[in-house]
Every structure is written in structure tokens, then in C-alpha cells.
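Undergrad: Can you build the whole structure from these sequences, using the hints too?
Sequential numbering of the sequence shown, starting at 250, is according to the working numbering.
Keep in mind the hints are simulated off the structure, nothing from the lab. Hints may contain errors.
What the hints assert, rightly or not - Think about it this way: if two alpha-carbon atoms lie no more than 25 Å apart in a straight line, the pair counts; the simulated DMTMM-like pairs of lysine to aspartate or glutamate are: (1) Lys338 / Glu282; (2) Lys305 / Glu324; (3) Lys305 / Glu335; (4) Lys500 / Glu532; (5) Lys500 / Glu483; (6) Lys371 / Glu334; (7) Lys338 / Glu303; (8) Lys500 / Glu512; (9) Lys465 / Glu440; (10) Lys465 / Glu436; (11) Lys305 / Glu532; (12) Lys305 / Glu282; (13) Lys418 / Glu436.
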Amino acid sequence: AKLSPALSDLIDGNGSLEQALPAGSVIARKPGEVPPPGYTLFQRNEYNASLVWEEKAPISSTRRVYNGMAVLNGEIYLVGGNGSEEIEKGVQKYNPITNTWSTIASMNERRKLVAAVAFNGKIFAIGGSGGGVTNASTEFYDPATQLWTYGPALPLPTSGASAISHNGKVYLMGGYNGSSYLNQVLELSSETGQWISKTSMPNSGDGHKLVNFQNKIWAIGGIVAGTGSSAKAEIYDPVLDSWSAAPNMTKQRHWPVAWSTPEGIFVGSGFTTGNSTIHQSLEFF
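TA: As C-alpha cells, this is what we get:
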């Protein structure tokens, strides 16, 4: 609510600030935001902009994990990755509290370029490739049993896709089938237990990131078939099963990192095909 006329008079100079504060109706605004009508700015505190990256404990072996990462019960799981058969089947999890890595049971299949997601208290590994074969199978890890079990297979082999959990369902988008890029959107729910096709992505490609933001799914960056790395962001509405365009990023980013907060979306790193530029920058929407 706006300040009462009497309180406004106090702040505007007809009384002391000390008198005004106990009366209430004091609001905080973010840096750069102007006070709304009826309010007067009496103090501005800037955020501490000296945020830095801190290096944590390394994983046991170097690997390109891409979308093979998921978070469950406060721990980070790295699933598969490019390398030997041991690496492509291997799974490690990270405990941020103890800053330690541990190795858990290996998957049944080799999976580089796998899409990983946490769903229903389990870690799902979807598609991927290994040993020269693109995979259509899925499997999930149950922390309670510490075992990997096969789940519902995809309609066709897929690697390089991205998966996300949204409102009790899993969505898998895009990918590569071993010969061509895909624009598929597949939905998996506990009720059906099967992958269901939804409205396709506007472009075929892989290497994009999916984030939940404002109750929709954003597909960010990646590679677009025939054009190379993309700066595009597209928004999928699961309720309407429809797509819309979002503003482009400032850079083309294939295989970026991305995450969302209530305030917006962060996207960083990735690379641009053609000139093979690897990005160190981070941008915010």
C-alpha cells in the first residue's frame, strides 16, 4: 500500500525520518528500481558484485558429460560421458556438503551424449550412444536399491537430446539419431509409463539446454541442423502443447550450461561451431 498522507509528510520533510519509520509502510526496492508513487527513497544499498567461481573436488577422470547431469536429494549425479567403456557406463555422484565424489553402480549400457534427469526419486539415463551404436533404451537408478533398471524405450535411437522434469512429467527434446538431427518432443508420465509425442520443436538439433522458468520449458542454444550453433531460445508451454520464440542470447552457444532462478535465467560457456570458439562468458535473462 502507499504511504498515508501523514507519513508522506514526515518523510518529505515535515517531520523526522526516525518518526516516520515506526509508523510502518516501508518497502525495499532492488538496485536501479525507482520508488513507486507515494514513496520516497531514503537509502540505497548495492548488491555485492564480487561473486567468484570456486573450484571444488575434481571427478576421478576427465570426460565430456554434456547433458548427463542430474540433481537428486541434494547430490549431483554425472552419468556416462565420452571415453572408454568404463566411463561411458560409469556414474559418479557429488556431495556438496562434504565436497566429495563417490562411484555408484554402473549402467547396463554405454551412454555418451546421454540425457539425464531426476524423476520420481530416481535418476533416468535416456538414450545416448556407445560402441558405435545410438541407443533407444532408457534406464533408471534407484538410490534405495542402488541398482539400474531398464525403463520405457524411446520411439527411435537418440543421442545428444536434453531432458527435464516438469510438473510430474519428463520431457525429452531434440537429439541426433545417428544420421540426422531431430526436432522431437517426447513426454513421459508415471500414469502412462510410455513416451508420447508432442508438438515438435521449431528447429531440429542437439546440444541445447532445457530450464524451467515461469511454469514453461525454455530450450536454449544448441545446434540447428543446416546452420550450426544457435543463439536462439524457444519456449514450450506443456499445457497448450505449443512453442513461442524468446529473445536471442548475445552469443551462439552449443552445449552451454544453464540454470534458472525466480529472477531469471543464467546461460554460460558452450562453443560456436565454425570458428570453434569456446566461451568463458555468462549471460542473464
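Undergrad: None of the hints should be skipped; say for each whether it holds.
TA: Okay, the hints, checked on the actual structure:
no.: 1; hint: Lys338 / Glu282; result: violated, 50 Å
no.: 2; hint: Lys305 / Glu324; result: holds, 14 Å
no.: 3; hint: Lys305 / Glu335; result: holds, 24 Å
no.: 4; hint: Lys500 / Glu532; result: holds, 9 Å
no.: 5; hint: Lys500 / Glu483; result: holds, 15 Å
no.: 6; hint: Lys371 / Glu334; result: holds, 23 Å
no.: 7; hint: Lys338 / Glu303; result: violated, 29 Å
no.: 8; hint: Lys500 / Glu512; result: holds, 21 Å
no.: 9; hint: Lys465 / Glu440; result: holds, 21 Å
no.: 10; hint: Lys465 / Glu436; result: holds, 14 Å
no.: 11; hint: Lys305 / Glu532; result: holds, 22 Å
no.: 12; hint: Lys305 / Glu282; result: violated, 36 Å
no.: 13; hint: Lys418 / Glu436; result: holds, 7 Å
When the structure is compared with the earlier hints, violations turn up for hints 1, 7 and 12 and for no others.
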